[in-house]
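Asks: Take a look at the letters that make up each chain.
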Amino acid sequence: MFTFKLAWRNLFRNKRRSIIAGVAIGTGLAAMIFTDALIEGMRGQLIRSATAAYLGEGQIHRQGFRLTQEPALTINDLATVRASLEKDPSVEAFAERAEGFGMITSPTDVSSVMVVGVEPDKERILSRVDDNIGQGTYFAGSGERDLVIGSDLADILGAALGDRVVLTVSQAGSGELAQDMFRISGIYRFGVKEMDGGFAFVRLAKAQEMLGVEGGVHEIALKFKDIEFATEKDNPFWAKYSTGGNEAVSWAAVLPQLRDVMGLFWVSLAIMAVILFGIVAFGIINTLFMSLYERMFEFGVLRAVGTRPSGVRRLIVFEAGALAILSIAIGAALGLAATLLVAKTGINYNGIEFAGTAFYEPLYPILQVRQFVVYPLSTLLFTLLVGLYPAGFAARMKVADALRKSL
Amino acid sequence: MDSVRESLIVTESLKKDYVEGGVVVPAVRGIDLRIDPGEFTAIVGPSGSGKTTFLNLISGLDSPTEGKVWLRDHLISDLSGSELSDVRRDHIGFIFQAYNLIPVLTVKENIEYIMLLQGVPDRERAARVAAILKEIGMEGFERRFPPKISGGQQQRVAIARAMVSRPELILADEPTANLDSETGAELLDMMHDLNHRLGMTFLFSTHDKMVMERADRVITLHDGRVAEDEWRVPH
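These protein sequences, in sequence, are chains C and D. Going by my numbering, 919 is the number at position 65 of the first sequence; the sequence numbering is gapless. Going by my numbering, 92 is the number at position 84 of the second sequence; the sequence numbering is gapless.
Hints in this document: simulated from the structure, not taken from any laboratory. Check before you lean on any hint, since a few could be wrong.
Calculated lysine-lysine pairs in the DSBU-like style (CA-CA distance at most 30 Å, straight line) [as the list claims (entries may be wrong)]:
no.	chain 1	residue 1	chain 2	residue 2
1	C	K869	D	K116
2	C	K1252	D	K23
3	D	K116	C	K1252
4	D	K142	C	K1252
5	C	K1077	C	K1094
None of these values were measured; they are calculated from a predicted model.
Can you make the complete structure from the sequences, with help from the hints?
Replies: Here it is, written out as structure tokens:
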């Protein structure tokens, strides 16, 4: 306790230098806190953007369907699955889809698409196709030949709202081609190439009829009451619905590139931490050595009156600790202020495509207790560790050399 | 070795060479001395005569090139850094020319620092600090920081710091050099009184005539050797 008191007072002998060093270290800490908060915000935003756009936070399929997209692989025992989902307390909403690869043909051009049969009312909760309609409507009325496509696909086809196009799909089992004519009733724009150019939405019943899977669905998109529920790998929900030849997967399995990008964020943060702490290390060493050289004689006195080398080493390490505490106070305050400021205004990335999805709302950093525990503790431990170098130097110095001007 | 045990300090053929710019410079050239308990001794000599080096060697602040130093039963020249620290903590008090109190510690904290190293219990520490402050006439200064008191007062505190742990030997390097003659004389009288009353051994390195006049024994060094060893009182 006495050593820490001495170290703390020593820290403030040269207030200006200690504060400058504290601000330098604190700025590094603040940068870590802010970046972490930003990544946390981006993570949530990306997951929400990716899952809310179309995928859902989880999906149920027949085993093998995700790999083959074979129309015959409809979900087994759909009625039981549906009944179970309706009663499941973790599920907020779900929507059934029938889908298959097909061709879309306009008078002027042709393109391959994923034909998706949807239940418009339920789909409004699960996806944002309806929110991104730029022209027309999202299945208004009951027209069974209504078709909703993306703006890129409309451009490829040279088609406009109200134009007629032909969809061709391969039927389940027989592989026979089924064709039907549709009228473009809505054009949406997400800003994501795959979404805007690769999907054609029709009503579920029409899709089931064309695909030859009357009453069957290929996919159930899920929305949970808590989005984090879907990110839990060991969640029993997945096992519960991965029975009877079906499989239930989270968004992370459906969109693995997004999960990988999340991982990369943390790797980037770790690299940033190494660089920042590396710079900070030299700052700490410099500060401690300057302080040590200025007080060389004083350390000589301490050693002369009976302080052991280990006592001097402890004093310097404690001074490093005192510097860390000052820096943590400054860094935590700066980090909190910067994060709160940006959290108020947000960073506008609207419409920017990233990792197969796009941002639909401003990016807001998210503060978490962890940021004010892990990084400050790391700063303290790191500073103590770095302090060992000047501490070792002070402990090894010859007392007579330190006292040369006196005894 | 019995005589060694009776003496407080014994040096045998003590030598110390420094290497400066590749040239060997002998600072102490073979000193054989005995300092007995209770002495009030001044080591004098011109600058470069080896006074400082000699005191550094007997206190273990520096290691000899040749020869031996005993402090009681401790062969100083053979001890490790930590062992030397313990010997200094328990047996030697230091008074420096420039007082050298720790500026961020209060008067009380400066005085009790060595007792903290020794692990003296709180209550005893407080009692000893109070007693020594009374002894040096500085009651009421406990919470002052060194920069806020005069040079004479700082040196009193330095004396208190050196004595409070009750060492057998006090090494004082030019203790009056930074003081006016009146304050210097007053402090010397105080140290002499403590020497007589408590039997502490004082060893001064000094140029000050006042110190020499009060010393019971004056050892004159010249070119790293004992040139004269004069007792002023019968021993």
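Asks: Are the hints correct? Go through all of them and say.
Replies: Structure-based check of each hint:
1. C/K869 <-> D/K116: holds, 24 Å
2. C/K1252 <-> D/K23: holds, 18 Å
3. D/K116 <-> C/K1252: Given that 30 Å is the threshold and the Cα spacing comes to 28 Å, the pair holds.
4. D/K142 <-> C/K1252: Violated, at about 36 Å.
5. C/K1077 <-> C/K1094: holds, 16 Å
The structure does not agree with numbered hint 4 stated previously, though it agrees with all others.
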